[in-house]
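J.: Residue-level listing of the chains:
2 protein chains.
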Amino acid sequence: MINKKISIKDIAKLTNTSITTVSFVLNGKGRISKEITKKILDVAAKNGYEPNRMAVGLRTGVSKVIGLVVETIGGPFFGAMAKVIEEEAEKEGYRIIYCSTNNNIQKGKDVIRMLSQQLVDGYIITPMKGLEKDIQSLVANEKPVVLIDGYFPGLDIPHVLVDNHGSAFNAVNHLLKVGYKKIGLITADLDLIQLQDRTRGYKDALKINNIKEDKKLIFKLPFDTDKDKAINSIKAFIKQQKQMDAVFFTTNYLGTMGLESIKQLELNIPQDLAMVSFDDNEIFSLYPPGITTIQQPTYEIAKSAIDLLLAQMGADRHNISKIKLQIPSKLIERGSTAEKKEVLVKN
Amino acid sequence: MINKKISIKDIAKLTNTSITTVSFVLNGKGRISKEITKKILDVAAKNGYEPNRMAVGLRTGVSKVIGLVVETIGGPFFGAMAKVIEEEAEKEGYRIIYCSTNNNIQKGKDVIRMLSQQLVDGYIITPMKGLEKDIQSLVANEKPVVLIDGYFPGLDIPHVLVDNHGSAFNAVNHLLKVGYKKIGLITADLDLIQLQDRTRGYKDALKINNIKEDKKLIFKLPFDTDKDKAINSIKAFIKQQKQMDAVFFTTNYLGTMGLESIKQLELNIPQDLAMVSFDDNEIFSLYPPGITTIQQPTYEIAKSAIDLLLAQMGADRHNISKIKLQIPSKLIERGSTAEKKEVLVKN
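For the record, the sequence lines run as chains A and B.
FYI, the working numbering numbers position 79 of the first sequence as 422, with every residue one higher than the one before it.
FYI, the working numbering numbers position 15 of the second sequence as 358, with every residue one higher than the one before it.
Please keep in mind that the hints were generated in silico from the structure rather than gathered at the bench.
Hints may be right or wrong, so weigh each one.
Given that identical chains are not distinguished, each listed pair holds provided it fits within a single copy or across any two copies.
As the list claims (entries may be wrong) - BS3-like cross-link-like pairs, simulated, lysine-lysine; straight-line CA separation at most 30 angstroms:
1. Lys426 x Lys646
2. Lys352 x Lys476
3. Lys476 x Lys382
4. Lys472 x Lys434
5. Lys407 x Lys352
6. Lys452 x Lys389
7. Lys426 x Lys606
8. Lys450 x Lys389
9. Lys476 x Lys356
10. Lys407 x Lys472
11. Lys558 x Lys525
12. Lys646 x Lys570
13. Lys683 x Lys524
All chains, please: the whole structure from these sequences, using the hints.
T.: In structure tokens form, the structure reads like this:
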């Protein structure tokens with residue numbers, strides 16, 4: 344049995360009343376006799392009448408929908424967070440809709456505008472430079488917003504993310520402690536605060552260990568390079584920097600492509616090149632000898648983000664704007680950073 | 344400079360006109376003098392007035408938004424498709440919003456209702472049993488719908504998916520051709536047509552090669568088992584079926600957990616156990632000796648799905664309902680299915 348949606352007009356016809364009467368009854372307005380009210384409600388219920396949510400939303404401003412703006416759909420990091428956010432939101436009767444920005448400012452602007460024109464009660468957004476005004480404008484219009492995975496320095500918008508600086512510092516410090524000295528950095532050429540914080544962590548770990556920073560050991564992969572090209576340029580960088588004995592990858596996808604590059608160059612991990620990557624995933628745990636990673640606390644980030652958002656929808660809203668959480672990560676040590684064995688003669 | 348959204352009321356105030364006048368001008372209705380029209384439009388433009396999309400949508404029924412309902416957010420298969428669908432939709436001025444069902448029927452129903460109450464012009468949905476009526480009801484209300492990754496047998500709803508039966512048949516046939524004889528099947532205990540089609544492909548490949556099906560070699564993992572438990576039960580199955588010389592995993596995540604199980608059991612691939620998995624990914628290409636996979640044509644599936652959806656929004660809509668595409672996959676042969684070497688004495 345497939346019903347076409349029944350309209351107010353249909354109900355008026357079926358009950359021999361006017362559209363105005365039906366509308367009054369369904370909206371609980373006007374003074375309509377009990378008998379007619381019952382008749383209309385019965386017909387509406389029997390035929391599965393659903394109030395037009397857009398119309399209701401226009402009137403009440405509440406949709407019970409949260410918009411989640413992520414970098415890309417797909418990928419284990421956002422996938423794991425999405426699951427937690429959905430579960431927690433559902434407990435409070437909220438549904439999630441997702442949009443992606445693909446790190447494109449114009450797309451980010453469009454998506455935020457689209458969501459604000461749809462019925463969205465609140466936003467969880469992975470921010471990027473260029474969206475400051477769009478997001479501030481949501482806040483100015485009293486829309487609850489929480490940023491995840493990044494933030495805008497200097498702006499009072501609640502956010503939750505991993506301690507990027509501390510995580511990178513710990514990873515590079517670990518490499519130095521187990522004997523690696525010429526540590527390279529492979530990052531993406533993107534103007535994202537989280538990548539800058541990770542790079543600062545790398546530099547500060549060198550500094551505190553009295554190692555001079557070597558600009559030649561830093562490689563920034565241009566954004567949106569296709570995969571084969573990216574692997575070739577990582578291979579070229581590794582081949583050129585023969586003195587490099589370890590490398591730190593600032594993101595999951597860079598680490599995965601790095602693994603592919605190292606495999607193609609037929610280098611042994613960690614004897615020829617040690618490595619650490621940001622973001623744990625199955626490849627890193629499975630690939631022999633196991634790749635050391637910085638495991639982001641996805642559950643804690645997601646849970647804190649949705650809690651902060653829901654709190655803004657409640658009574659506490661005005662105490663939230665300054666909440667800025669940086670959650671520590673965990674360094675998962677595996678074979679790729681085993682203690683360095685000194686080789687007397689190399690090449 | 345952060346603007347609060349300017350309203351029609353604000354514009355009326357700023358131009359010394361009435362709300363009705365402003366509304367007439369902005370909606371191109373009524374006869375307002377050129378001078379006042381210009382004044383109102385200038386103020387509206389200068390202050391970044393945006394027509395309320397919900398209100399416009401209620402009037403016109405067009406939102407330029409497509410709803411994409413996927414199984415889970417995250418994961419390489421939907422991620423790759425999402426990218427293509429977004430790119431193609433954007434060329435036609437459409438934005439995508441995503442929702443996930445997590446294979447939960449009630450959630451699927453809720454999400455479809457939510458999208459239909461929002462301003463969504465069309466739907467791309469990964470279907471599951473139990474959503475037949477909800478999806479037929481969209482179609483009955485003349486909403487464009489395309490199903491991906493699955494379909495409803497017997498219903499005329501356009502859909503695009505890989506040839507699941509043929510793909511599984513080819514994979515198992517390949518295992519038999521290179522010498523494996525006791526081939527196991529590991530699948531998920533989910534009532535999904537695509538998994539049934541893959542299982543049929545496995546059985547038909549055995550049949551055509553005159554191998555008798557052995558029920559003991561088929562293992563169905565209960566849905567929503569947590570990862571550690573799943574790996575333990577896969578390990579128990581592999582240990583119990585010692586005669587099994589190869590195994591076919593019907594999904595990406597089963598294959599990945601299978602790899603972990605085989606690693607934990609310290610079995611050699613393919614000497615102790617050969618394997619093939621549905622869905623190619625980076626783990627399978629990187630993990631030594633390379634895992635043979637069925638690579639789904641994600642680009643073709645995604646492109647066909649969005650093309651079919653956009654066509655339904657155009658003039659051809661009534662010729663679309665019977666279009667059912669099954670796109671062939673590619674078997675990527677790697678070391679995990681190297682030709683079987685007969686060992687005279689084993690154990």
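J.: For each hint, tell me whether it holds in the structure or not.
T.: Here's how the hints hold up against the structure:
no.	hint	result
1	Lys426 x Lys646	both (10 angstroms within a copy, 27 angstroms between copies)
2	Lys352 x Lys476	between (43 angstroms within a copy, 23 angstroms between copies)
3	Lys476 x Lys382	between (51 angstroms within a copy, 26 angstroms between copies)
4	Lys472 x Lys434	between (33 angstroms within a copy, 25 angstroms between copies)
5	Lys407 x Lys352	both (27 angstroms within a copy, 26 angstroms between copies)
6	Lys452 x Lys389	between (43 angstroms within a copy, 18 angstroms between copies)
7	Lys426 x Lys606	between (33 angstroms within a copy, 28 angstroms between copies)
8	Lys450 x Lys389	between (43 angstroms within a copy, 22 angstroms between copies)
9	Lys476 x Lys356	between (49 angstroms within a copy, 25 angstroms between copies)
10	Lys407 x Lys472	both (29 angstroms within a copy, 26 angstroms between copies)
11	Lys558 x Lys525	within (11 angstroms within a copy, 56 angstroms between copies)
12	Lys646 x Lys570	between (33 angstroms within a copy, 20 angstroms between copies)
13	Lys683 x Lys524	within (10 angstroms within a copy, 45 angstroms between copies)
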